[in-house]
Amino acid sequence: MSFSSLLLQQTINGMSLGAMYALLALGFTLIYGILELINFAHFNVFMMGSFLALWVLQGFGLTGQTVILTGLPLIGVLVAALIVTMFGTGVLGVVIERVTLRPLRGITGPAAMITTIGVSYVLFNIILLLTSAQTLNFPNPLPQLQWQVHGAIVTLPEVLIWLVAPLLMTGLWAFVQKSRLGKAMRATAQDPEAARMMGVEVDKVIMTAFFLGSALAGAGGMIFGLYYNFTSFLIGFTAGLRAFTAAVLGGIGNVPGAMVGGFAIGLIEAYSGQFIATEWSDVIIFSILVLVLVFRPAGLFGRLAPSKS
Amino acid sequence: MSDNATAAVGRRPLAALAEGRGKPAAIALLAAVAVLYPVAFPNQANVDSLANAAIYAALALGLNIVVGFTGLLDLGYAAFFAIGAYAYGILNSFQLHPAWGPFWVPLQHLGLVMPFPGNSGGTVVHFTLSFWIALPLAAVISAGCGMAFGAPTLRLRGDYLAIVTLGFGEIVPIVFRNWSSLTNGAAGLNGVGAPVLLGHSFGVNAIPYYYVAIALVAFLIFASLRLRDSRIGRAWMAIREDEIAAGAMGVNRTRFKLLAFATGAAFAGATGVVFIAKLQTATPDMFDFPVSVMILVMIVFGGIGSVWGAVAGAMILQLLQSWWLPDLSGLVDGLGRLLGSRWLASVDLTQSTELIFGIILVVMMLYRRQGLIPAHRPQAALSFEAQHAVVQRGFGELRLSGLAGDVAAGTPALQVRGVTVAFGGLKALDAVSIDVPSGGVVAVIGPNGSGKSTLFNVITGLVPANGGSIRFRGEEILGLHDHQILARGIARTFQNIRLFPTLTVLQNVLVGQHARLSTSLFGAVFRPPRTRREEQAALDWAREVIAIFGNRLAPRLGQAVGGLSYANRRRTEIARALASRPKLLLLDEPTAGMNPAETLELAEQIRGLKSLGLTVLLIEHKLDVVTQLADTVYVLDHGEIIAHGTPAEVRRNEDVLRAYLGRNAQAAAAGIAGGGDAT
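Respectively, the protein sequence lines represent chains H and U. The opening position of the first sequence corresponds to residue 1 in the numbering used here, with each subsequent residue numbered one higher. The opening position of the second sequence corresponds to residue 310 in the numbering used here, with each subsequent residue numbered one higher.
Chain H with its partners taken away, still in its complex shape (with noise of 0.2 Å):
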């Protein structure tokens, strides 16, 4: 391969890892930006995402490597499972909320983000305990399609994950800008005290920024599983820390500084696989993250929360 098609090929596998790091870092975005707090709980309901996924198409009959659906079909199928999916890890962002996170309200210091990393913890042993710790085979229905462009190769599952996950970051970027709750969410993150005076019910717009940031962390999800063909209950570490430095790269706190930063982190790491070696790209990416912190602690494009410390 010439240098240009490798460099073509990482930049197309970089853009799939980034879109999926995008969602995931949009969760972390959302919830810190009004809360102000680091949810370590959202790395393994990403997790709990792609094992959600798992069992929905396995619940469809969907549990090998092998094509038996096609058109129509198949694409309902896996619409049905992202919506399922997305709704199930919403769900479980709410109740974490509701039930860890709200009686710590107003509780000053790194209370609320040890809970979250306890949450965490939780989901993640629930998970190996039921897999005994396996790496499990994600059902792989799509048909073997693939493109040359160049010299690189474009898989169906990459081109599936450009439609999707821009088309959810849009919908929810309109959600945040256009409606009422989405401007009660812009309220909220910048003053909750005033937003709660103004009659936003400040715990309705916690309850939903804890809804959509979880569901894309599903979508994230199932897409990690369609696009790696495995699952296990380790990956929500690893996939939650790069998303996260996406998160504080593009400035955490800022929408769309989060799906910017998610898309770097995405090129970052496969051009360091490629160029420098795979088994370093984590120190990369850490080595980012902390001179990103140290020396532009708003992230590259600013925050769009005040801080309220």
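Treat the hints as calculated values from the structure; they're not laboratory data. Check each hint, because a few of them may be wrong.
Residues from chain H shown here face chain U by an in silico Cβ test under 7 Å; the list is partial [said to hold, decoys possible]: (1) Ile38; (2) Thr100; (3) Ala111; (4) Ile114; (5) Thr115; (6) Gly118; (7) Val119; (8) Tyr121; (9) Glu279; (10) Asp282; (11) Phe286; (12) Ile288; (13) Val290; (14) Leu293; (15) Val294.
Here the structure is a predicted model, which means the values were calculated and not measured. Positions of the beta carbon are idealized from the N, C-alpha and C atoms, including for glycine.
Starting from the known structure of chain H, fit chain U onto it as the hints suggest.
Okay, now just chain U, sitting in the frame of chain H:
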């Protein structure tokens, strides 16, 4: 001991016993049990579990310094454990084996290396660093790494710091995994040497490791307790409670955060050596994220900031894993067989250890955030009599030695010249100039938002100026850090009261003396006579300062300030500022929120301070207080000085009346002259 203790003995003899004698007795008992356990029960597996538990207790103690004392959330603490462990593992194993040469001979005499026949012929170097040298060496290496990593990152806000440390905690095991030539990669170091004491190798016998581990824990408990009750521990807790107030009270935040980070890292480094010597092998996955989380769970469970809590949390959770869960699984399985339930009979609770840890973390956060052994125990409220005692106003025979100015009254203390502060397009201060003469009381008044507190902030180094000059006793102080300005002799209070809420009145006032004390890390732990004298003098001075307020604060020395009345919190804040032996005291609305009687009392006390020779710069809204106290009044409006002079002159000034009362100044003049709150 003071009259307080004697009084307490009179009222509650048993309580005094518990404080005085019960604790050492309990500690002696605990130590005896720890020492005698392997003699009584020489079961290798059990002793080994206890040694592991002690190793985690040592780690928890280290993390407790970082998270508990200083409030820096460190999610990558296991990295320092790994660095210490690998430092010993590499320097006492066959991992590195450069060719033997004359260079190594001196090191051989020191016992650090040995010649060894290599695999492919020739002689190679075998590193044989002694365990006993490795303990302090690994502590130093880990502390160095902690500082190198902390220096650029510790100024980040709490949750960002958590993420950066998490990233660091991830990077270190990855580096150990990938750097195979140094660490043997994922397979790990093998054949790490066992410690040798008096010619006897510890080998694989758990008992000597147990004794080393509990000796380490005992030392770390001792060091933690000593540090907590020292100048250093108070500075750490001040940072945790309120960073801005800590800086304003003279704590160099960056330095003390780094010190906490390095101390915690040193604890982990030394513990890593014990851990690896005991296992005689090290792999990168022994130090992954779950280890950092487990240590965090231990201190959360035991009580964040509580030394005994950290030990108890670590021991309980570690033994839960190695002793109780297998037993409990056995019980459940037996029950399952009895009931014929195959599911129950096959339950293995040891696999769900981490699940249980997660649940403990969440449940503790929701229902018992202070942990098993809380760091702060609420002191009993005062008795009815004490609460309703006749107010004594202090200042009877007070001298407050050292507060009096050492320069002639009237020479300039503070000269502010043309200071401008802009926030974006808004000029909060516009070319402001004021003079404060030594021994005088100068008041700054002005409507809300006129820039009074900004003036204080720029004098004390909290906000930078866009121009101008501030000279204190002839030296430029603009551009100095807040803690340096306090050290020069300017102390302040805050408009919204910034105390350290969970610290006691006495601790708050002691933090005020931070810049006047010099105890080092070594001094804090080993308490040489010099440190003892310094602490005693600090306590005496704190009591003397608190006595200014008569019996308002004196009976409440041991109470957390968060639970005090508003007026008493204001008084504590003033006492804290005075404890720093300032030459100039800045009071930001000291009587705000006080009732007329309390206001009068405080005004009297401020006048008392003035009579002792202290220079005071005062922001105040109550004009009768200003009239009583101030020699000179400056009036700020929209960031500009619109008038200054004696209180009487200012009160007649047209501009002032307009600023305060709008157009109908003349008509309302009577109102302002009558005093009262002008907000």
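Here's how the hints hold up against the structure:
no.	hint	in the structure
1	Ile38	holds, 5 Å
2	Thr100	holds, 6 Å
3	Ala111	holds, 5 Å
4	Ile114	holds, 6 Å
5	Thr115	holds, 4 Å
6	Gly118	holds, 3 Å
7	Val119	holds, 6 Å
8	Tyr121	holds, 3 Å
9	Glu279	holds, 5 Å
10	Asp282	holds, 6 Å
11	Phe286	holds, 4 Å
12	Ile288	violated, 9 Å
13	Val290	holds, 5 Å
14	Leu293	holds, 5 Å
15	Val294	holds, 5 Å
Checked against the numbered hints given earlier, the structure breaks only hint 12 and satisfies all the rest.
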